[in-house]
Every structure is written in structure tokens, then in C-alpha cells.
Amino acid sequence: MTELEKKKDLHMKQAAEYIIYLEETKEKIYDKNLQEQLAVLIRQLRDLRDLQYWFDSGERELDRLYDRYMPYLNTILENYMKLETSWNNKELEKVKKQLTKILPEFTETMRVITQLLPEDEMADARAEVKAREAKEKLDRQYRSLFIDDEI
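Residue numbers (the numbering used here): 226 to 376.
Please note that a few of the clues may not be correct.
To be verified - EDC-like cross-link-like pairs, simulated, lysine to aspartate or glutamate; straight-line CA separation at most 16 Å:
{"hint": "1", "residue 1": "Lys232", "residue 2": "Asp288"}
{"hint": "2", "residue 1": "Lys233", "residue 2": "Asp275"}
{"hint": "3", "residue 1": "Lys231", "residue 2": "Asp281"}
{"hint": "4", "residue 1": "Lys251", "residue 2": "Glu303"}
{"hint": "5", "residue 1": "Lys319", "residue 2": "Glu333"}
{"hint": "6", "residue 1": "Lys238", "residue 2": "Asp288"}
{"hint": "7", "residue 1": "Lys233", "residue 2": "Glu286"}
{"hint": "8", "residue 1": "Lys231", "residue 2": "Glu284"}
{"hint": "9", "residue 1": "Lys232", "residue 2": "Glu284"}
{"hint": "10", "residue 1": "Lys307", "residue 2": "Glu249"}
{"hint": "11", "residue 1": "Lys322", "residue 2": "Glu261"}
{"hint": "12", "residue 1": "Lys238", "residue 2": "Glu261"}
{"hint": "13", "residue 1": "Lys233", "residue 2": "Glu318"}
{"hint": "14", "residue 1": "Lys232", "residue 2": "Glu286"}
{"hint": "15", "residue 1": "Lys319", "residue 2": "Asp256"}
{"hint": "16", "residue 1": "Lys257", "residue 2": "Glu309"}
{"hint": "17", "residue 1": "Lys321", "residue 2": "Glu303"}
{"hint": "18", "residue 1": "Lys322", "residue 2": "Asp281"}
{"hint": "19", "residue 1": "Lys231", "residue 2": "Asp288"}
{"hint": "20", "residue 1": "Lys326", "residue 2": "Asp275"}
{"hint": "21", "residue 1": "Lys322", "residue 2": "Glu303"}
{"hint": "22", "residue 1": "Lys253", "residue 2": "Glu309"}
{"hint": "23", "residue 1": "Lys238", "residue 2": "Glu284"}
{"hint": "24", "residue 1": "Lys238", "residue 2": "Asp281"}
{"hint": "25", "residue 1": "Lys321", "residue 2": "Glu261"}
{"hint": "26", "residue 1": "Lys307", "residue 2": "Glu318"}
{"hint": "27", "residue 1": "Lys322", "residue 2": "Glu309"}
{"hint": "28", "residue 1": "Lys253", "residue 2": "Glu303"}
{"hint": "29", "residue 1": "Lys251", "residue 2": "Asp275"}
{"hint": "30", "residue 1": "Lys238", "residue 2": "Asp292"}
{"hint": "31", "residue 1": "Lys233", "residue 2": "Glu284"}
{"hint": "32", "residue 1": "Lys233", "residue 2": "Glu316"}
{"hint": "33", "residue 1": "Lys321", "residue 2": "Glu309"}
{"hint": "34", "residue 1": "Lys232", "residue 2": "Asp281"}
{"hint": "35", "residue 1": "Lys321", "residue 2": "Glu230"}
{"hint": "36", "residue 1": "Lys251", "residue 2": "Glu309"}
{"hint": "37", "residue 1": "Lys251", "residue 2": "Glu261"}
As the list claims (entries may be wrong) - Quick list of simulated restraints, FRET-style, between CB atoms:
{"hint": "38", "residue 1": "Glu330", "residue 2": "Glu303", "range": "12 to 20 Å"}
{"hint": "39", "residue 1": "Asp272", "residue 2": "Glu318", "range": "27 to 35 Å"}
{"hint": "40", "residue 1": "Asp281", "residue 2": "Glu309", "range": "39 to 47 Å"}
Hints are computed from structural coordinates only; laboratory data are not their basis. If you're wondering where the values come from, they're calculated on a predicted model, not measured in any experiment. All residues carry an ideal CB built from backbone N, CA and C; glycine is no exception.
Using the sequences and the hints, build the whole thing.
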């Protein structure tokens with residue numbers, strides 16, 4: 226298995242784990258608005274996961290998402306769920322407000338990454354075609370030099 230395949234496999238596993246975690250968390254949260262926002266986030270993460278299957282690009286963005294952003298979101302969700310069963314309504318409202326702001330931002334981040342994956346691969350393909358065309362042009366130029374020298 227190549228490094229690229231290993232990285233892709235890791236990202237697919239991470240996506241699956243976060244989808245499961247978010248689904249379970251959504252079921253535990255009492256607030257309907259947050260449940261709905263989590264449902265939207267889960268759909269976007271599923272779309273991203275499905276796209277990851279088809280495209281091999283976007284490693285840096287996916288690394289950032291799965292290694293930094295998602296653990297941060299998990300921490301906030303865990304804190305919220307602990308507060309939801311406590312009597313600390315002031316802190317609960319503070320974290321709820323934070324979550325209400327962050328969840329759409331996460332959804333938007335995933336949407337942007339979903340758009341980048343095919344674009345990155347198309348850009349790579351265009352760069353490869355341009356490099357091949359440049360090489361062929363150089364080959365023709367040098368071939369003509371060698372043919373002229375032989376005459």
C-alpha cells in the first residue's frame with residue numbers, strides 16, 4: 226500500500242468514526258436546534274467522505290479537519306453534554322451559544338473541502354498535461370536540432 230493509499234484509508238476511517246460519534250451525540254443532546262444543526266453537519270461529512278472515496282487529493286485540508294478541527298468540536302460537544310445534565314444553566318447557555326455559532330462554520334468548512342477535492346485533482350491533471358506538452362515541445366525542438374546536424 227502506497228503512502229497516498231494509507232493516508233486515504235486513514236481519512237476514510239476517521240470520517241466513519243466522526244460520523245458515528247456525531248450520530249450518537251445528536252441522539253444524546255436535548256436541544257432540537259442543535260440536533261438539527263448536527264444532522265446538517267453529519268450530512269455534509271457523509272458527502273465529504275463519499276467524495277474522498279473517489280478523489281486522492283486534499284490531504285492537507287483533510288488532515289487539518291480530522292486532526293485539529295474535529296477533535297476541537299468533540300471537546301465542545303462533550304462539555305455541552307456534561308452541562309446539559311448539570312444545574313449550571315449560565316454555563317450551558319454560553320456553550321450552547323458557542324455551538325450554535327460553530328456548527329454552521331464546520332458545515333461550511335466541510336462544504337469548501339468537498340469543493341476543493343475535485344478541483345485539486347483537476348488542477349493536478351492540468352499541470353500534468355501542461356508538463357507533458359512542454360516536454361513534447363522541447364523534444365520536437367531538440368529533435369529538429371539533431372536532424373539538422375545530421376544533414
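We went through each hint and held it up to the structure:
1. Lys232 to Asp288: Roughly 9 Å between the alpha carbons, so the hint for Lys232 and Asp288 holds.
2. Lys233 to Asp275: holds (12 Å)
3. Lys231 to Asp281: holds (11 Å)
4. Lys251 to Glu303: holds (11 Å)
5. Lys319 to Glu333: Cα-Cα ~22 Å, so violated.
6. Lys238 to Asp288: With Cα atoms ~12 Å apart, Lys238 and Asp288 stay inside 16 Å; holds.
7. Lys233 to Glu286: holds (12 Å)
8. Lys231 to Glu284: Distance ~11 Å between Lys231 and Glu284 Cα, so the pair holds.
9. Lys232 to Glu284: With a Cα-Cα distance of about 8 Å, the restraint between Lys232 and Glu284 holds, given a limit of 16 Å.
10. Lys307 to Glu249: The given pair, whose Cα atoms are some 15 Å apart, holds under the 16 Å limit.
11. Lys322 to Glu261: With a Cα-Cα distance of about 15 Å, the restraint between Lys322 and Glu261 holds, given a limit of 16 Å.
12. Lys238 to Glu261: violated (24 Å)
13. Lys233 to Glu318: Between Lys233 and Glu318 the Cα gap is close to 38 Å, so the pair fails against 16 Å, i.e. violated.
14. Lys232 to Glu286: holds (12 Å)
15. Lys319 to Asp256: holds (14 Å)
16. Lys257 to Glu309: holds (13 Å)
17. Lys321 to Glu303: Distance of about 12 Å is within 16 Å: holds.
18. Lys322 to Asp281: Measuring from Cα to Cα gives roughly 36 Å; hence the hint is violated.
19. Lys231 to Asp288: holds (13 Å)
20. Lys326 to Asp275: violated (26 Å)
21. Lys322 to Glu303: Measuring from Cα to Cα gives roughly 15 Å; hence the hint holds.
22. Lys253 to Glu309: holds (10 Å)
23. Lys238 to Glu284: Since the Cα atoms of Lys238 and Glu284 sit roughly 14 Å apart, the hinted pair holds (cutoff 16 Å).
24. Lys238 to Asp281: holds (15 Å)
25. Lys321 to Glu261: holds (13 Å)
26. Lys307 to Glu318: Measuring from Cα to Cα gives roughly 13 Å; hence the hint holds.
27. Lys322 to Glu309: holds (13 Å)
28. Lys253 to Glu303: Holds - the C-alpha atoms of Glu303 and Lys253 are around 11 Å apart, at most 16 Å.
29. Lys251 to Asp275: violated (21 Å)
30. Lys238 to Asp292: With Cα atoms ~12 Å apart, Lys238 and Asp292 stay inside 16 Å; holds.
31. Lys233 to Glu284: holds (8 Å)
32. Lys233 to Glu316: Answer violated: Lys233 to Glu316 is near 39 Å, above 16 Å.
33. Lys321 to Glu309: OK: Lys321 and Glu309 at ~9 Å, within 16 Å.
34. Lys232 to Asp281: Roughly 9 Å separates the two Cα atoms, so the pair holds.
35. Lys321 to Glu230: violated (39 Å)
36. Lys251 to Glu309: Distance ~13 Å between Lys251 and Glu309 Cα, so the pair holds.
37. Lys251 to Glu261: holds (8 Å)
38. Glu330 to Glu303: 12 to 20 Å: holds (18 Å)
39. Asp272 to Glu318: 27 to 35 Å: Check passed, 31 Å falls within 27 to 35 Å.
40. Asp281 to Glu309: 39 to 47 Å: Given about 40 Å between the Cβ atoms, the range holds.
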